[in-house]
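Asks: Chain residues, written in single-letter form:
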Amino acid sequence: MKQRALWTAALIAALALAGCGSASDSNSSSGASDGKLVVWDWKSGDATAASYIEKAKADFAKKHPGVKVEFVAQPFEQYYTLLGAAIQSGKGPDVMLFNGGGQIRDRVDALLPLDQYVGDDKQRLAGWDAFTKDGKTYAAPVTLQGHPIYYNKSLYKKAGLDPERPAANWNEFVANCATIATKTGAKCFAQGNKEGIGIQFFLSGLGSGVLTPQEYDDWIAGKRNWASPNVKRVFALWKEVNDKGLNNDGANSTAMFNDAFAVFQSAKAAHVIGLMSDIGHWKDFAEFLNAENVGVMTSPVVTAGATPSLPYDGGIGYAVAKWTKDPKVAADLVRSLTSTEALKAFYADAGAIAADTTIDVSSAGPAVATIVSETKDGKPALHVALSSKTVELMGRLSQQLLSGSVTVDKAVEELAKSDQAS
Amino acid sequence: MPGGRRAERLAPYVLVAPAVLIIVVLRLWPLLLGVNFSFTGDGARNGIAVGLDNYRELLDDPLFRTALRNVGLLVLLLPVAVAIPGLLATFIYFRVPGHRLFRGVYFFPAVLSPVIVGAIFNLLLAFDGPANAVLGGLGIGPIDWLGDPDVAIFAVVGVHVWATFGMGLVVFLAGFATLDSALVDAARVDGASLAQTIWHVIVPGLSRTIQFVFVTTMIGLLTSMFGLLYIMTSGGPEGSTYLPEYYIWIQQGQMNRPALASAASTALFLIMLVVGLLQVSLLRRAGRED
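Chains as they are written, first to last, in my numbering: chain A, 136 to 557; chain B, 68 to 357.
Next up, chain A with everything else stripped away, as it sits in the complex:
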């Protein structure tokens, strides 16, 4: 009897141990075993990305018929948390999707430089800078992301303004807004700063109209002069726009995604600094306002000597992990994921400005055509050049600027400190 109890206990203990063992085993499955590549992203689960993934897979299968590719779609809110854990353990996907800018630059320690593999794509694709750190390229761009200023042409028409000739300088722009407000009741800007995102779009959307070209290029190159009066002017302008009532009410409690865009879509505001890809962009707006009513303008000139341009970067791109077994094969998968055929499908279905500048977009309405034509003279967005820590701080300070609990000087001073520390 006792003997039996002992055996039962031993059996339970053994089972428990086996259970633990198998639980830890399953984690290592993604370590690039031969003939299989694991890709992490937050896109491949979307129905709109299905044909993109299919085209990319087909292209890759032509080059490496023996290699299986497994796409694992993670929820975006959790993506960098999960990825962080994978990187920490040194095991994880072979190929992974990244947002350009801080998100990838913070994690290049875990990534493989791709320069020797993607040389042939450098001309065809745009937006490489967002995936580059210290002269090395860590991912190939899939989409372009940027911040065009969208405007509602039908509100311009109702207010008696020429919808094809948006304001070229700031005073004219404010005067137009005043006209629109009296004639239609619509606000000037749809603004959402609940998550602190409003200031990012504002800084990048209007920055090229405030900073001189030299200051702009220096900012992107990392030589940011926070003491410059023009840099201060951007943040003063942010406050001024809100104080003058040009924003919708309650900007600090309006979410950019998607309440602020909803304000613009319902014609309660004439302008919004939106995105080029994924969401809050030409395709979304056209569904509500019709494609011919969605206009795109560059920043009005705020300080003399500024040359406004479209702010944009590589939006998302695929990178290769350092621990992948055969870097060449993984890099080939990245190349397939950025092939013209695949990107064409992505542009058409998902509503994104693809990184491939050779794709014909003339059928999608005037806004897209304007955006694509402006990419030639476009420059990287100002906020993307900042570290994620500084961007987070900027979000909080921007809310304080709107509520009046911090001065522009103090805010810029704190940003300078954070920027120089990182």
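Since the hints were made in silico from the structure, they are not lab data. Incorrect hints may appear among the rest.
Restraint-style ranges between C-beta atoms, simulated for each label pair [what the hints assert, rightly or not]:
#, chain 1, residue 1, chain 2, residue 2, range
1, B, I338, A, K358, 48 to 56 Å
2, B, P209, A, T475, 47 to 55 Å
3, B, I338, A, D495, 35 to 43 Å
4, A, D255, B, A111, 31 to 39 Å
5, B, F174, A, K171, 45 to 53 Å
6, B, V163, A, N393, 51 to 59 Å
7, A, K171, B, A116, 32 to 40 Å
8, A, E205, B, G208, 53 to 61 Å
Quick reminder that beta carbons are idealized off the backbone N, C-alpha and C, glycines included.
The hints should help you fit chain B onto chain A, whose structure is shown.
Replies: Just chain B now, kept in the frame of chain A:
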């Protein structure tokens, strides 16, 4: 039979081994790893011992200080969060008209997920939303519920209390079932007012229930606000609604600072340890009174 006796001696250890192993391997060991990890650096200093640098950084970070201050605020608001279900349960016990309906209605929000509750109140409390429309109708200026740093934390806590007081209410109602109704009747006969009845009869009679609700409400406030915060304010405005959990998540997931997040987790663990021990002693004392 020495072998049999040894087996007999070992049997209890073998029997508890699975439970102990699970706790040690899946709880204590990761906990120790996490604490150990909090003494290493992030980014370029990954894996290098940095002593107390992370903890120093935490104390210097105004966001983390705000998060700790908000924990203190939650503890201060705890009596309110307990009083609300207590009072409502009292009214139901006294059979106010419609008490059957209220019993069901009050419990209803407790079955909604925080995400849904947050989304509902995002709409209700929007600057141009219904709450402000009602206030406007009364001639009171709009309040930026989720955009004013002095108001937002109270708005979120208020919504949390609204969403969860149903549980406390049910516990209180169960407590009332054990209350000797003769005492309440005697108080009434003696001419006690409602307030006097509550203070002198119901509160002493339900002291164990009240303590239990205190403990569970405290746990709820400290551990399950993340969903609401994430949906309603994202820690804003101006970082005023940060709680340690949210801070940990931001540092680990958004800022790529896992070691700093581990330090914050360790700090939160210590706070919860103190709170937990206080609660255990409170419950033990309450148990001894009977």
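Asks: Hints first: check each against the structure and report whether it holds.
Replies: A quick look at each hint next to the structure:
no.	hint	verdict
1	B/I338 to A/K358: 48 to 56 Å	43 Å, violated
2	B/P209 to A/T475: 47 to 55 Å	52 Å, holds
3	B/I338 to A/D495: 35 to 43 Å	59 Å, violated
4	A/D255 to B/A111: 31 to 39 Å	33 Å, holds
5	B/F174 to A/K171: 45 to 53 Å	50 Å, holds
6	B/V163 to A/N393: 51 to 59 Å	43 Å, violated
7	A/K171 to B/A116: 32 to 40 Å	37 Å, holds
8	A/E205 to B/G208: 53 to 61 Å	56 Å, holds
The structure fails hints 1, 3, 6 (numbered hints given earlier, in ascending order).
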